[in-house]
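Using the sequences and the hints, build the whole thing.
2 protein chains.
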Amino acid sequence: MFELKKTASSTKARLGLLKTDHGNIKTPIFMPVGTLASVKAVKQDELVKKVKAQIILANTYHLYLRPGCDIIEAAGGLHSFMSWDLPILTDSGGYQIFSLSDNRELKEKGAHFKSHLDGSKHLFTPENVVDIQRALGSDIMMALDECPPYPCSYEYAGESMKLTHRWEKRGREAFLNTEPKYRHKQVQFGIVQGGIFEDLRKESAKYVTDLDFEGIAIGGLSVGEPTELMYEMTDLNTDYLPKDKPRYLMGVGNPANLLHSIARGIDMFDCVMPTRNARNGQIFTRNGYINIMNAKWKNHNVPLDPDFPTDLCQKYKMSYIHHLFRNNEILGLELASLHNLTFYLWLMREVRNRIANDTFYSWYKDRAEIMDRKI
Amino acid sequence: MFELKKTASSTKARLGLLKTDHGNIKTPIFMPVGTLASVKAVKQDELVKKVKAQIILANTYHLYLRPGCDIIEAAGGLHSFMSWDLPILTDSGGYQIFSLSDNRELKEKGAHFKSHLDGSKHLFTPENVVDIQRALGSDIMMALDECPPYPCSYEYAGESMKLTHRWEKRGREAFLNTEPKYRHKQVQFGIVQGGIFEDLRKESAKYVTDLDFEGIAIGGLSVGEPTELMYEMTDLNTDYLPKDKPRYLMGVGNPANLLHSIARGIDMFDCVMPTRNARNGQIFTRNGYINIMNAKWKNHNVPLDPDFPTDLCQKYKMSYIHHLFRNNEILGLELASLHNLTFYLWLMREVRNRIANDTFYSWYKDRAEIMDRKI
Numbered sequence: 002m003f004e005l006k007k008t009a010s011s012t013k014a015r016l017g018l019l020k021t022d023h024g025n026i027k028t029p030i031f032m033p034v035g036t037l038a039s040v041k042a043v044k045q046d047e048l049v050k051k052v053k054a055q056i057i058l059a060n061t062y063h064l065y066l067r068p069g070c071d072i073i074e075a076a077g078g079l080h081s082f083m084s085w086d087l088p089i090l091t092d093s094g095g096y097q098i099f100s101l102s103d104n105r106e107l108k109e110k111g112a113h114f115k116s117h118l119d120g121s122k123h124l125f126t127p128e129n130v131v132d133i134q135r136a137l138g139s140d141i142m143m144a145l146d147e148c149p150p151y152p153c154s155y156e157y158a159g160e161s162m163k164l165t166h167r168w169e170k171r172g173r174e175a176f177l178n179t180e181p182k183y184r185h186k187q188v189q190f191g192i193v194q195g196g197i198f199e200d201l202r203k204e205s206a207k208y209v210t211d212l213d214f215e216g217i218a219i220g221g222l223s224v225g226e227p228t229e230l231m232y233e234m235t236d237l238n239t240d241y242l243p244k245d246k247p248r249y250l251m252g253v254g255n256p257a258n259l260l261h262s263i264a265r266g267i268d269m270f271d272c273v274m275p276t277r278n279a280r281n282g283q284i285f286t287r288n289g290y291i292n293i294m295n296a297k298w299k300n301h302n303v304p305l306d307p308d309f310p311t312d313l314c315q316k317y318k319m320s321y322i323h324h325l326f327r328n329n330e331i332l333g334l335e336l337a338s339l340h341n342l343t344f345y346l347w348l349m350r351e352v353r354n355r356i357a358n359d360t361f362y363s364w365y366k367d368r369a370e371i372m373d374r375k376i
Numbered sequence: 002m003f004e005l006k007k008t009a010s011s012t013k014a015r016l017g018l019l020k021t022d023h024g025n026i027k028t029p030i031f032m033p034v035g036t037l038a039s040v041k042a043v044k045q046d047e048l049v050k051k052v053k054a055q056i057i058l059a060n061t062y063h064l065y066l067r068p069g070c071d072i073i074e075a076a077g078g079l080h081s082f083m084s085w086d087l088p089i090l091t092d093s094g095g096y097q098i099f100s101l102s103d104n105r106e107l108k109e110k111g112a113h114f115k116s117h118l119d120g121s122k123h124l125f126t127p128e129n130v131v132d133i134q135r136a137l138g139s140d141i142m143m144a145l146d147e148c149p150p151y152p153c154s155y156e157y158a159g160e161s162m163k164l165t166h167r168w169e170k171r172g173r174e175a176f177l178n179t180e181p182k183y184r185h186k187q188v189q190f191g192i193v194q195g196g197i198f199e200d201l202r203k204e205s206a207k208y209v210t211d212l213d214f215e216g217i218a219i220g221g222l223s224v225g226e227p228t229e230l231m232y233e234m235t236d237l238n239t240d241y242l243p244k245d246k247p248r249y250l251m252g253v254g255n256p257a258n259l260l261h262s263i264a265r266g267i268d269m270f271d272c273v274m275p276t277r278n279a280r281n282g283q284i285f286t287r288n289g290y291i292n293i294m295n296a297k298w299k300n301h302n303v304p305l306d307p308d309f310p311t312d313l314c315q316k317y318k319m320s321y322i323h324h325l326f327r328n329n330e331i332l333g334l335e336l337a338s339l340h341n342l343t344f345y346l347w348l349m350r351e352v353r354n355r356i357a358n359d360t361f362y363s364w365y366k367d368r369a370e371i372m373d374r375k376i
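Protein chains in written order, with my numbering: chain A, 2 to 376; chain B, 2 to 376.
Hints are computed from structural coordinates only; laboratory data are not their basis.
Check before you lean on any hint, since a few could be wrong.
Repeated chains share a single entry, so a pair holds when one copy, or any two copies, can fit it.
DSSO-like mimics (lysine-lysine), calculated; alpha carbons at most 27 Å apart, straight line [as the list claims (entries may be wrong)]:
hint : residue 1 : residue 2
1    : 6         : 186
2    : 244       : 6
3    : 316       : 50
4    : 316       : 41
5    : 299       : 122
6    : 299       : 115
7    : 244       : 299
8    : 13        : 27
9    : 51        : 41
10   : 170       : 203
11   : 50        : 244
12   : 375       : 122
13   : 182       : 316
14   : 182       : 297
15   : 41        : 299
16   : 316       : 186
17   : 182       : 299
Take a look at the structure:
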């Protein structure tokens with residue numbers, strides 16, 4: 002399902018093609034996050050035509066709680082429920098149990114947790130998250146893992162990793178012993194853990210590789226550790242991952258993070274940042290980011306960037322966008338979300354072009370630094 | 002600026018063409034409300050291409066307070082500020098002083114009021130609302146009036162009407178003695194008042210007609226009085242208005258209200274209902290309205306109406322729209338707002354076609370009754 006097309010000469014950046022029954026995905030790629038089966042404030046046809054998204058992510062934990070698998074199954078699966086014909090990746094819920102739920106309790110069998118919505122009790126096991134993702138019908142499902150916090154002790158990280166490994170073995174078996182519910186193929190990705198400890202990260206990469214998932218994610222990063230440490234762990238992990246499988250760095254990140262991680266061999270990303278930050282007025286551009294709420298834009302009566310193909314950049318004056326945000330107008334959220342996602346997907350195309358014509362290495366570090374600056 | 006094209010045979014319904022420098026408007030017409038220079042949750046290009054809006058309304062009171070006339074003037078006027086090339090009508094602020102502001106005090110000179118935002122003190126006069134609307138640069142501006150509450154005594158209604166008349170006379174003079182600030186023509190509409198009292202309504206219609214505004218609005222209705230009384234006053238007023246001027250019933254209404262008022266000779270409408278109610282989950286259709294929050298839609302796995310050309314009706318399952326609303330997803334607000342406005346503008350086209358081919362009379366009463374039912 003994955004073709005490695007090219008590896009860059011002076012970095013570990015790769016070009017690939019990920020094939021699914023809902024379409025092929027050119028990597029490196031960023032996946033917009035549609036937590037509750039909607040990429041917030043963006044319409045499905047805009048995601049396809051304007052953002053040029055190739056795949057989106059939806060959250061198993063959230064959809065399991067609302068609207069529930071029965072509703073989505075009755076609608077014919079997640080693609081049909083949300084009228085989305087391109088690929089979907091669903092996570093396993095492991096990260097949300099760690100970050101959102103109350104009173105979680107990890108047992109050998111699985112993770113007991115209380116819903117963050119109503120306190121109701123639930124259990125996710127390596128097996129039932131496969132069943133849930135069969136009901137959702139995502140093209141790519143994730144195995145259940147535990148995501149340890151940062152910082153955590155070597156001992157905790159090691160025990161947690163071993164639990165994740167046992168869960169992933171059971172999850173892989175559950176996947177191999179079940180069939181899709183709909184008329185398209187599903188694949189399963191495993192997740193490497195190990196905190197910020199080199200030997201654990203190596204061990205986990207090898208263990209997860211041996212389970213022969215169709216793709217491998219790097220989990221447990223971007224949870225509060227210094228950025229340099231995240232890059233280091235990523236770099237280390239990709240050295241121990243097979244070349245013929247797609248690599249997905251979960252929950253990362255800002256534009257600079259993406260470039261640095263691609264240079265370290267990552268193919269896939271997801272993050273709420275472009276949409277969440279858009280709703281707070283942060284606009285990403287090729288030359289840095291801006292905060293539209295800043296008074297400097299109040300009387301700025303020209304568009305932001307006539308050369309960038311979004312309505313926010315070309316069509317509207319900055320004074321107007323500022324006014325929309327100052328007054329909580331929904332249109333502001335729409336324009337900024339659409340812009341930031343379009344920017345992220347533009348960045349991935351730019352990266353792919355530069356890997357293809359061997360100009361990625363000479364370009365990415367300076368560009369990452371520029372994009373990391375506030376304008 | 003107004004051509005009366007046809008009057009229906011068995012009702013007072015009219016076909017007209019209202020000409021402005023930003024384009025011609027076929028009447029009867031509904032004007033989507035863009036209070037703060039944004040029709041809530043709808044993009045400008047969607048208003049043109051999908052809703053097929055011909056003109057929108059913006060609120061002088063709101064724009065005067067936020068972002069302020071200086072900002073809009075620096076941006077080159079309201080059209081330029083909000084990137085909207087079709088006609089705009091602005092109200093005078095009279096209604097918002099009545100409905101929103103604290104501690105208003107009416108004097109002969111004008112209306113003193115405190116901002117509903119920060120309590121700051123302001124004065125609107127017949128003259129300065131002309132100046133403000135010159136700065137906004139709307140194609141159609143409204144004269145300042147007082148909108149009395151319902152119920153109110155005959156005496157209050159009469160005194161209020163007389164004050165409105167004196168203000169309108171001054172407002173008309175201010176309009177005639179000032180020039181547009183931008184390169185397009187502006188016109189001014191007067192407003193008939195008189196509460197629910199027949200003789201006052203007649204007197205006001207005659208008085209306002211004599212001031213020779215380019216169009217005449219009927220104000221002070223849809224403020225809590227019984228619907229039948231609103232129709233009665235409208236019917237009475239249009240009998241005393243000149244045939245060659247457009248007639249605008251302010252702040253009305255639901256689909257049935259529009260049909261009944263068109264039958265009584267009204268050409269123009271505005272109302273927040275299609276967008277505000279959309280945000281609360283009320284969807285208008287040809288066969289009645291629905292509340293998308295209702296549990297009956299939870300598992301309704303087909304689109305609402307494949308024959309009606311909105312994404313809400315054709316593209317998405319009702320179960321999905323229900324899910325979006327249950328979870329406060331912005332996409333739900335977007336789809337419902339876009340649908341309701343598209344429906345309102347479709348209704349106006351349908352009405353115009355039926356007046357043109359003389360099938361309005363036989364159609365409108367039954368259709369109004371059907372559209373007034375909850376599905």
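Status of the hints after comparison with the structure:
1. 6 <-> 186: within (23 Å within a copy, 61 Å between copies)
2. 244 <-> 6: within (11 Å within a copy, 73 Å between copies)
3. 316 <-> 50: both (17 Å within a copy, 16 Å between copies)
4. 316 <-> 41: both (22 Å within a copy, 18 Å between copies)
5. 299 <-> 122: between (48 Å within a copy, 23 Å between copies)
6. 299 <-> 115: between (45 Å within a copy, 24 Å between copies)
7. 244 <-> 299: Answer is neither: 50 Å inside a copy and 45 Å across each miss the 27 Å cutoff.
8. 13 <-> 27: Only inside one copy: residue 13 and residue 27 sit 17 Å apart there, 62 Å across copies, limit 27 Å.
9. 51 <-> 41: both (15 Å within a copy, 21 Å between copies)
10. 170 <-> 203: Only inside one copy: residue 170 and residue 203 sit 17 Å apart there, 85 Å across copies, limit 27 Å.
11. 50 <-> 244: neither (32 Å within a copy, 48 Å between copies)
12. 375 <-> 122: Neither way: residue 375 and residue 122 sit 44 Å apart in one copy and 38 Å across, limit 27 Å.
13. 182 <-> 316: The answer is between: 23 Å across copies meets 27 Å, while 44 Å in one copy does not.
14. 182 <-> 297: between (54 Å within a copy, 26 Å between copies)
15. 41 <-> 299: both (26 Å within a copy, 20 Å between copies)
16. 316 <-> 186: between (41 Å within a copy, 24 Å between copies)
17. 182 <-> 299: For residue 182 and residue 299, the Cα distance is within 27 Å only across copies (22 Å; inside one copy 53 Å).
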